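Using the sequences and the accompanying hints, generate a full structural model.
Line by line, the protein sequences give chains A and B.
Using the numbering used here, the letters of the first sequence correspond one by one to residues 1 to 141.
Using the numbering used here, the letters of the second sequence correspond one by one to residues 1001 to 1382.
Derived from the structure by calculation, the hints contain no laboratory data.
Misleading hints may appear alongside valid ones.
To spell it out: a stretch of chain B is covered by chain A in this simulated footprint if at least three of its residues, at any positions, have a beta carbon under 8 Å from a beta carbon of chain A; those stretches are [to be verified]:
(1) 1122 to 1133
(2) 1142 to 1152
(3) 1243 to 1255
Beyond 12 Å from chain A on every Cβ pair, some chain B residues (computed) [as the list claims (entries may be wrong)]:
(4) Gly1020
(5) Asp1059
(6) Thr1060
(7) Asn1074
(8) Glu1110
(9) Met1190
(10) Arg1236
(11) Gly1315
(12) Gly1350
(13) Gln1351
From a predicted model like this one, the values you see are computed outputs, not experimental measurements.
Beta carbons are placed, not taken as given, at the ideal position from N, Cα and C, and that holds for glycine.
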Amino acid sequence: MAQIPVTEGVFTWPSETPQLIGARCVDCDNHMFPGQSGCPRCTGDKTEEVLLGRRGTLWTWTIQGFPPKAPPYAGDVDVKTFQAFGVGYVELPGQVKVEARLTVADPEKLKIGMEMEMVIIPLTTDADGNEVVTFAFAPVA
Amino acid sequence: MTIEVAIVGIGMHEFGRTEGVSGMDQGVIAVRRALADAGVSWEDMQFAFGGSLAAGAADTMVSLLGLTGLQFINVANGCATGGSALFSVYNTIRSGVFDLGIAVGFDKHERGAFRVNTKGAGLGDWYGASGLALTTQFFGMKINRYMHEYGITNSSLAKVSEKAFRNGSQNPMAWRRKPISEQEVLDSLMLSYPLTQYMFCSPGEGGVALILCRADKAHLYTKTPIYLKAAVVRSRRFGSFEVLAPSIALQHNAGPTVDGAKAAFEMAGMGPKDIDIAQLQDTESGAEIMHMAENGFCEHGEQEFMIQAGETEIGGKFPVNTDGGCLANGEPIGASGLRQVYENVLQLRGQAGVRQVPNNPKTAYTHVYGAPGIAGVTILQR
Chain A
1 MAQIPVTEGV FTWPSETPQL IGARCVDCDN HMFPGQSGCP RCTGDKTEEV LLGRRGTLWT
61 WTIQGFPPKA PPYAGDVDVK TFQAFGVGYV ELPGQVKVEA RLTVADPEKL KIGMEMEMVI
121 IPLTTDADGN EVVTFAFAPV A
Chain B
1001 MTIEVAIVGI GMHEFGRTEG VSGMDQGVIA VRRALADAGV SWEDMQFAFG GSLAAGAADT
1061 MVSLLGLTGL QFINVANGCA TGGSALFSVY NTIRSGVFDL GIAVGFDKHE RGAFRVNTKG
1121 AGLGDWYGAS GLALTTQFFG MKINRYMHEY GITNSSLAKV SEKAFRNGSQ NPMAWRRKPI
1181 SEQEVLDSLM LSYPLTQYMF CSPGEGGVAL ILCRADKAHL YTKTPIYLKA AVVRSRRFGS
1241 FEVLAPSIAL QHNAGPTVDG AKAAFEMAGM GPKDIDIAQL QDTESGAEIM HMAENGFCEH
1301 GEQEFMIQAG ETEIGGKFPV NTDGGCLANG EPIGASGLRQ VYENVLQLRG QAGVRQVPNN
1361 PKTAYTHVYG APGIAGVTIL QR
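Here you go:
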């Protein structure tokens, strides 16, 4: 079974050390995710692609306790089998805070300020039997 | 000479779920009730601004109300749709173009959390596909961080909901009219940690219409004109933390509510201490708490004491969301901001019945917040 990313251009895949693909403003060094052509900080229009750091600290978090509506959600929406998942912002030092799924969904195991690392997780299986993957952050062991 | 603006007629269709009545029809009913309240007819309306998110183009309602040829402009601005319609009516009258006009908002949403149109919101399909495009997640994450920074407790989150449902139980226009205790709120289903089911408002249905005129002509329509002293809409600045954001900057900005509040106070020539009552966006109970400080009514963290002491209750020092807010009324996007103004007009007129704030409030404040980071504020004075 092949693994395919939920989209192209948002994270590097396949890769041993996947990274989010963002943009950097050539004029003011502001970092953005996902990449975009204009800079919301200085209003400049020159940005370049930049790979974001793989580690950061958890800035805030919540737990998605009910199945999201599908569409747009591609994962499991069956109330009988749905597994709650964590969602948070991870602060990547010197770059930007990125929103991501978290591999942990237990309030006791999530603390603001904890070290996190980017990982790739399965999201769903498409009609051709491919495993569709997306990015997430996991606590650093 | 600056032209002052007064609200001279208000009308509302009950919020909640009304089977068999379209969102548009609920808007039309609200318009007819506002016309009756001002003692005018649809033919008297010189212009209108109106909007809905999910219930059709507002200007098509003229085929139900009467084809009088008036200028009717549709407004679409997310949660600030109603506020933007009101802002537009206010400024049209202030500019001297027309003397008498109407703002109308209505909606009818499907059940459950809002289904976000990621393309329409300028987001990639991957964002929703990955399970991130939920407004509820933002609210959970914002209050979780805020509780961490300022020591707000789960008890205060629950007390905000308890107050909302108690106030809603005294409001015949509200959707949720059954009181729910603090413990029941805490024990309800955890939707987006730390927020439970009864801490969230639900998308719903309803309509509100407001008739405004030049203040020097208000006596023609009402004995109790309520003056609109400020109407402001602001979008976000760099560094603010907003709903539906795949990333946020490291640099911090306080957000559009803070900017909108400052601008509105300046426009009205007032400060937070001059405000007697407030209707603040309470998409969930944490939002009401954070918006108390963002609008300038207290310092960050002071809410904990204020809520535990009952200061934001109808009989308290600073009543907040006296009609039950979004929590008890639900959130028909197009109508929600106008519902807040409707309640403030009732309170300032002294017509709020069993939920009337005592001691004749003179000034009242409204605030809406929504995607993708907009805030709308109004200040009313008797």
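Exercise. Hint by hint, which ones does this structure get wrong, listed from lowest number up?
Worked result: 8, 9, 10
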